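Whole structure, please, built from the sequences with the hints as guidance.
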Amino acid sequence: MDVPLGHRTHRSGSLWTRGPAAVLAGAVPALAFPAPSWWWLAYVALVPWLLLVRSARTARRAALYGWWGGAGFMVAVHHWLLPSLHVFIVVLALLLGALWAPWGVLVRALLGGRPGPGRAAAALVLVPSGWLMVELVRSWQYLGGPWGLLGASQWQVPPALRLASLGGVWLVSLLIVAVNTALAGLLAVPTARRPAVAGLLVCALAGTAVWLWAPLPRPAGTVRIAVVQPGPTGTPTQRLARSAALTAALAGRGVRLVVWGESSLYQGPADHPALAARLAALSRRTGADLLVNADAPGSDGAGIAKSAVLIGPDGPTGDRYAKMRLVPFGEYIPARSVLGWATKVGKAAASDRRRGTHQVVMAVPTAAGLRIGPLVCFETAFPDMSRHLAADGAQVLVAQSSTATFQDSWAPAQHASLGALRAAETWRPMVHATLTGVSAAYGPRGEPLGTRLSTDRSAAAVYDLPLASGTSPYTRWGDWSVYGAIAALLAYGLTEAGRSCGRRRADRSRGAEEDTGQEAGAGRR
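In the working numbering, each residue carries its 1-based index in the sequence shown increased by 1.
Be aware that one or more of the hints could be misleading.
Per label pair, the in silico range of CB-to-CB distance [said to hold, decoys possible]: (1) L83 x A246: 32 to 42 angstroms; (2) R453 x T234: 12 to 22 angstroms; (3) T234 x L25: 18 to 28 angstroms; (4) G235 x L83: 18 to 28 angstroms; (5) V198 x D393: 43 to 53 angstroms; (6) Y484 x A199: 16 to 26 angstroms; (7) P233 x L495: 33 to 43 angstroms; (8) R504 x A36: 48 to 58 angstroms; (9) G304 x R225: 33 to 43 angstroms.
Honestly, the hints are just simulated from the structure, not real lab data. Source: prediction; values computed, not measured. We put the CB at the ideal spot given by N, CA and C, even for glycine.
Given below as structure tokens:
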């Protein structure tokens, strides 16, 4: 049957106006992250997107609004990559934004139309669970990693950090999306208002209960650690000279470990005796071990790796950690034979870095055997890496990073904020050392410590880190909130499948009864 012209125009216009609206709605949550850091916005930022998706005429439209909103979010939260990737960032955003298409269908199925109280209550669990599945899939390192997880926007909110100690950043994301879902139901679905109010009360009571009764780390002394941030000093030789001067100035201050940023060296100390001797002299002068980072080929010549190397008074101690999770397009190109053209449109990696094979916990001799867990660059975005280091006995998490390429963007502040989440999740203090800022330190509850070195500083900062004993619930139990979300979605899928089968059987039964009735009528005639 032909559709009237006016009706076709209305439908087309709706798509062309609501599509861009979905992109903008998806971009709004990015404002909750640094640099704006409007953390409170996260609890309402998804509401326009949810309302748009739930009102979609068809499941296909809901999928499109989910996809385009996801693309908008990915561009907004990674917009600082634009100078490096140019148009390729749009391609990546469209690919990753497709992960939100099933979430859009789920939102419409649960909140669309006039859902009953039961379906509205189920939405408070299933919509956040669906969102968490998107975060989980895109957290795979080969898809770019977990940058911009919604829960990470709460890095400066103590109750949220306490929640992270129970279930990681995932649990914080679940709570945020649950609040947004309840608000969307309260605003647009009259039949969902009672479950929505109940859901908001449950979220508030749960947050309060966690704040009042969740376990806390036990104090276990302090350790003095320094961060050296040379700043944008030019050539690698000039950077080394500035780092050495800042380190030497720490002599006599009781520092036990000095941390340099990512790629602070372009030679491996173990393979260059003169460099090793220079660093060992700095260690003796300051009375501290040095944790440097060499962006250099290994002694076997197998390729360039980014490695955290511990230097003591006698030179390299032998403790070394090679970065395991590399930045796609920044440090390697996935399927280079297919996507290698990215090097022609942006600053993608000209060659692939070599991956490390396992995590390492290092003992610092000058700090009475203090055990540190090194992470390099965006490995701080992965909750599992810091959790495994804490479970393996690390007393302090140490991140070495460089965001010099994105110096005047939101990236340095976003990166530094991740340390608060990782510290709170594991009950282990964390030091975030960079070449050009932002460098920072956090206590075992995720609380900021001491001086924060901004991107306009060339300085060394000393921190008295409070150590903690005990094992956080998240370190002990892992990603239980993720498994709970998966179980909820599976239960929903099985329930819907059962109902669909029941409807098909009922339809077949009615069809059979009608056929029997027709045959009986024919017989009487």
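Outcome of the hint check:
no., hint, verdict
1, L83 x A246: 32 to 42 angstroms, "holds, 35 angstroms"
2, R453 x T234: 12 to 22 angstroms, "holds, 20 angstroms"
3, T234 x L25: 18 to 28 angstroms, "violated, 40 angstroms"
4, G235 x L83: 18 to 28 angstroms, "holds, 25 angstroms"
5, V198 x D393: 43 to 53 angstroms, "holds, 45 angstroms"
6, Y484 x A199: 16 to 26 angstroms, "holds, 25 angstroms"
7, P233 x L495: 33 to 43 angstroms, "violated, 56 angstroms"
8, R504 x A36: 48 to 58 angstroms, "holds, 52 angstroms"
9, G304 x R225: 33 to 43 angstroms, "holds, 36 angstroms"
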